Amino acid sequence: MEHEKWVLEDPVLGMVFVGASFVIFYLIGWYSQRAAKSSTDYWTAGRSIGSITNGLGMASSYMSLATFMGVTALILKLKVPFVYMWIQFALSIPLITLWYGTPLRRMGAFTPAHFVRERYGVRTSYVTVFFMILIMVMYALGQMIGVAKVFEMLFGINYNLALICGGALIVGYVTIGGMYGTSYNAAFQMILMGVAFVVPLGAIMKAMGGTGWWFPPLFYSDMVPAMLEAVPDFFDMKYGFKWYLSLIPCFTLGAMGLPHLGMRVYTSANLKSARGAMVWFTFFCGIVFCSTYTMGFSGVYFQATSGSAIAPTDFDKITLILNSVYNPAWVLAFVIAGAIAAGLSTISANLMAIGAMIAQDIIATIKPDLSDKTMKVIGYLAIAGGGATSILIALNPPDFLVVSILWAFGLAGVTVAPLVMLGVWWKPANRYGATVACLVSGVTYIVVAPYFFPSIVVGGGLEAKVGMTGSLLCAPLCFFLLTTVSMITNNIPALMNRYDYKKDHVLIDKIHGWSDYSEERYNSNTAGIIVAAVSLFFCIYAVLPGGW
Amino acid sequence: MNSAYKKEIRYTLIFSALLLICGHLGLMFVAFPGLQNHMIFGFPSQYIIPITFGWLVLMAVVGIQAKLTNDLDDEIEALNAESSESIE
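Residue numbers (the working numbering), protein chains in the order written: chain A, 1 to 548; chain B, 1 to 88.
There's no promise every hint is true.
Claimed, not checked - Here are the simulated DSS-like cross-link-like pairs (lysine-lysine), alpha carbons at most 30 Å apart as the crow flies:
1. Lys79(A) / Lys465(A)
2. Lys6(B) / Lys238(A)
3. Lys67(B) / Lys79(A)
4. Lys149(A) / Lys465(A)
5. Lys67(B) / Lys272(A)
6. Lys238(A) / Lys67(B)
7. Lys37(A) / Lys373(A)
8. Lys37(A) / Lys510(A)
9. Lys510(A) / Lys7(B)
10. Lys465(A) / Lys37(A)
11. Lys238(A) / Lys465(A)
12. Lys272(A) / Lys77(A)
13. Lys272(A) / Lys510(A)
14. Lys503(A) / Lys6(B)
15. Lys465(A) / Lys77(A)
16. Lys272(A) / Lys465(A)
17. Lys7(B) / Lys502(A)
18. Lys67(B) / Lys6(B)
19. Lys272(A) / Lys37(A)
20. Lys272(A) / Lys79(A)
21. Lys149(A) / Lys77(A)
22. Lys510(A) / Lys67(B)
23. Lys77(A) / Lys6(B)
24. Lys7(B) / Lys67(B)
25. Lys6(B) / Lys272(A)
26. Lys77(A) / Lys206(A)
Unchecked claim - Label-pair distances were calculated between CB atoms; the ranges are:
27. Ile14(B) / Ala207(A): 37 to 47 Å
28. Phe41(B) / Ile24(A): 33 to 43 Å
29. Pro232(A) / Leu20(B): 29 to 39 Å
These aren't lab readings, by the way, just hints derived from the structure by calculation. Given the structure is predicted, the values throughout are model-derived calculations rather than measurements. From the three backbone atoms N, C-alpha and C, an ideal C-beta is built for every residue, glycine too.
Let's have the full structure, built from the sequences with the hints guiding it.
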């Protein structure tokens with residue numbers, strides 16, 4: 001079959017829509033940041049963001065350029081199993097809020113690394129900061145490259161120029177706005193991308209003959225019989241138990257370790273507002289996620305029934321292609337602006353996390369006596385520096401940094417998430433256990449990935465490339481090491497007398513809201529033994545052959 | 001050990017399990033293949049049930065989670081106030 005490469009026919013309207021959206025982003029960033037009176041305000045938006053705005057912002061940080069582009073390519077490739085991979089991302093904020101979001105908000109943390117520093121000491125925090133910055137750079141890099149490619153397509157300029165101009169525009173508005181600007185911009189971007197994704201999708205479905213076009217997220221069952229006829233394997237589960245199980249350590253736990261998601265909870269006006277935001281998050285996330293499945297479904301349906309073959313290199317542009325076929329040019333321009341907004345919201349959250357970790361978790365730790373004014377300047381420089389570094393790396397990205405963004409989720413799941421979860425809920429967890437667990441499981445995850453040492457790989461295929469096989473082994477490994485090393489070293493007085501571990505225990509009671517201290521709370525060795533035993537079981541299960 | 005503490009642990013474990021169920025129904029369909037390919041609302045069961053649970057049921061669970069954990073916070077605050085009064 002002849003594949004026709006898709007090209008954007010009329011880019012002028014797209015330029016107008018994207019240009020106008022950037023003007024609005026800058027205005028929101030500039031106007032919002034005026035409320036930031038101190039460096040704490042700059043990083044946490046004065047802990048003043050309301051629940052609806054924060055819910056929109058949380059959802060927006062999650063909707064990346066992939067929602068408009070990469071995801072549809074994955075649906076064309078994976079079909080229904082992709083839906084399972086995507087559905088569980090909506091658990092992230094509820095699980096973060098439940099396990100550590102509200103305790104860390106109570107503590108007044110800037111980033112999860114801030115908590116790691118208070119709980120496990122400076123050395124352990126440097127290890128986690130290293131992994132977190134690596135994860136955020138990989139994440140931002142993917143978005144930066146994607147936005148540059150859209151700019152390249154839209155303005156007809158070469159990739160490098162598109163990257164430098166687009167990247168500079170993005171870094172500019174994030175630096176000016178700080179967390180205030182990022183939060184209000186993220187809320188606006190979520191509305192923009194939601195409308196730009198869902199409403200044109202309704203028009204596409206109507207043009208395709210779907211009767212449920214008025215509610216695209218769920219009402220397209222009348223297209224199912226035709227789909228089953230054209231693509232009989234669309235609804236097949238395809239993979240084995242291990243594939244579906246590994247979604248938990250790789251993506252659910254991974255999302256819990258992403259610092260830019262946790263940071264959204266810390267901007268809340270209070271704990272009740274943070275929990276309210278979590279409900280709004282699931283609402284907004286659900287609408288866009290379900291519409292993404294519909295878009296993928298429509299893409300596969302279009303590919304199978306229209307007779308026009310899409311070139312495999314254009315699979316990631318299916319949203320744009322469907323809009324160009326079924327909707328007027330101005331709608332396509334609006335969709336492109338929505339796609340750019342999706343990429344921007346994620347990059348801004350990534351840059352805020354990188355900046356906060358450099359300024360608050362590294363510089364402020366080394367030089368704790370700097371004035372607030374100096375810290376604010378350092379904040380601007382940290383974000384601008386992080387952004388400039390991402391742009392420079394994206395000019396000629398090293399292969400190991402452009403591996404799947406999904407792989408970075410797994411890295412967060414095997415290094416950061418277990419430390420924070422057990423740090424908040426289990427007093428016996430100590431800095432020796434945390435350092436060993438984070439380092440060993442992080443390094444093992446990197447070693448068993450197919451990108452670095454191809455001869456040492458756990459599993460193979462797509463599941464190894466996106467980190468599912470590695471995290472099924474390394475996430476339980478991290479829990480196992482953290483619990484066992486902690487329980488062993490807690491009985492070695494020579495090690496425990498080196499620091500005031502009682503202070504760590506008091507911190508745990510405090511962040512859970514207790515004004516008095518009780519040695520009995522969060523202090524069960526039985527719980528530690530159960531976690532260690534279950535983790536060991538899953539470590540062994542992960543390396544057994546088959547099941548994928 | 002007071003009841004608020006036990007409640008906190010219980011809520012965390014129960015809601016973690018409920019959230020995981022909402023987002024990972026694929027495991028159930030792959031473990032019990034007999035549940036697959038029943039048409040519900042015009043879609044195969046293994047497609048529409050996880051989507052519905054991953055959005056609408058999840059929203060309901062998260063709403064209840066927010067309500068109960070907010071109430072628990074109030075309970076802990078009341079206990080704190082009680083214990084500080086008794087010290088005075």
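Structure-based check of each hint:
1. Of the supplied pair hints, the one linking Lys79(A) and Lys465(A) holds, its CA atoms being roughly 18 Å apart against a limit of 30 Å.
2. Simply put, Lys6(B) and Lys238(A) have alpha-carbon atoms about 42 Å apart, too far for the 30 Å limit, and the pair is violated.
3. Restraint check: the Cα-Cα separation between Lys67(B) and Lys79(A) comes to about 37 Å, which exceeds 30 Å; the hinted pair is violated.
4. Taking the CA atoms of Lys149(A) and Lys465(A), the gap is near 23 Å; set against the 30 Å cutoff, the hint holds.
5. Among the hinted pairs, Lys67(B) with Lys272(A) is consistent with the structure: their alpha-carbon atoms are about 9 Å apart, no more than 30 Å.
6. This hinted pair does not check out: Lys238(A) and Lys67(B) have alpha carbons roughly 39 Å apart, beyond 30 Å.
7. Restraint check for Lys37(A) and Lys373(A): the C-alpha separation of about 10 Å stays at or below 30 Å, so the hint holds.
8. Distance hint between Lys37(A) and Lys510(A) is fulfilled; the C-alpha atoms sit about 27 Å from each other, no more than 30 Å.
9. Between Lys510(A) and Lys7(B) the alpha-carbon distance is near 17 Å, which keeps this suggested pair within the 30 Å criterion.
10. Taken as a hint, the Lys465(A) and Lys37(A) pair is broken in the structure, with Cα atoms around 45 Å apart against an allowance of 30 Å.
11. Distance restraint check for Lys238(A) and Lys465(A): the Cα-Cα separation of roughly 18 Å lies within the 30 Å cut-off, and the hinted pair is therefore satisfied.
12. Restraint check: the Cα-Cα separation between Lys272(A) and Lys77(A) comes to about 41 Å, which exceeds 30 Å; the hinted pair is violated.
13. Proximity of Lys272(A) to Lys510(A) is assessed by CA-CA distance (about 18 Å); at most 30 Å being required, the pair is judged to hold.
14. At most 30 Å may separate the alpha-carbon atoms for a hinted pair to count; Lys503(A) and Lys6(B) meet this at roughly 23 Å.
15. Between Lys465(A) and Lys77(A) the alpha-carbon distance is near 14 Å, which keeps this suggested pair within the 30 Å criterion.
16. A threshold of 30 Å between alpha carbons decides the hint, and for Lys272(A) with Lys465(A) the separation of about 39 Å lies outside it, so the pair is violated.
17. Simply put, Lys7(B) and Lys502(A) have alpha-carbon atoms about 25 Å apart, close enough for the 30 Å limit, and the pair holds.
18. Proposed proximity of Lys67(B) and Lys6(B) is supported: the alpha carbons are some 17 Å apart, at most 30 Å.
19. The suggested pairing of Lys272(A) with Lys37(A) holds, with an alpha-carbon distance near 24 Å, which does not exceed 30 Å.
20. For the suggested pair Lys272(A) and Lys79(A), the alpha carbons sit about 39 Å apart, so the restraint of at most 30 Å is broken.
21. Using a Cα cut-off of 30 Å, the hinted pair Lys149(A) and Lys77(A) holds, with the two alpha carbons roughly 21 Å apart.
22. Using a Cα cut-off of 30 Å, the hinted pair Lys510(A) and Lys67(B) holds, with the two alpha carbons roughly 22 Å apart.
23. For the proposed pair Lys77(A) and Lys6(B), the alpha carbon gap of about 46 Å is over 30 Å, so the pair is violated.
24. For the given pair, Lys7(B) sits about 14 Å from Lys67(B) by alpha-carbon distance, which is consistent with the 30 Å threshold.
25. Between the alpha carbons of Lys6(B) and Lys272(A) the distance comes to roughly 21 Å, so the proposed pair stays at or under 30 Å and holds.
26. Distance check on the hinted pair: Lys77(A) and Lys206(A) sit about 25 Å apart at the alpha-carbon level, within 30 Å; holds.
27. For Ile14(B) paired with Ala207(A), a C-beta distance near 46 Å keeps the hint of 37 to 47 Å intact.
28. A beta carbon spacing of about 39 Å between Phe41(B) and Ile24(A) agrees with the range 33 to 43 Å that was offered as a hint.
29. Take Pro232(A) and Leu20(B): their Cβ atoms lie about 31 Å apart, and the range 29 to 39 Å holds.
Violated hints, listed in ascending order, are 2, 3, 6, 10, 12, 16, 20 and 23; each of the other numbered hints is respected by the structure.
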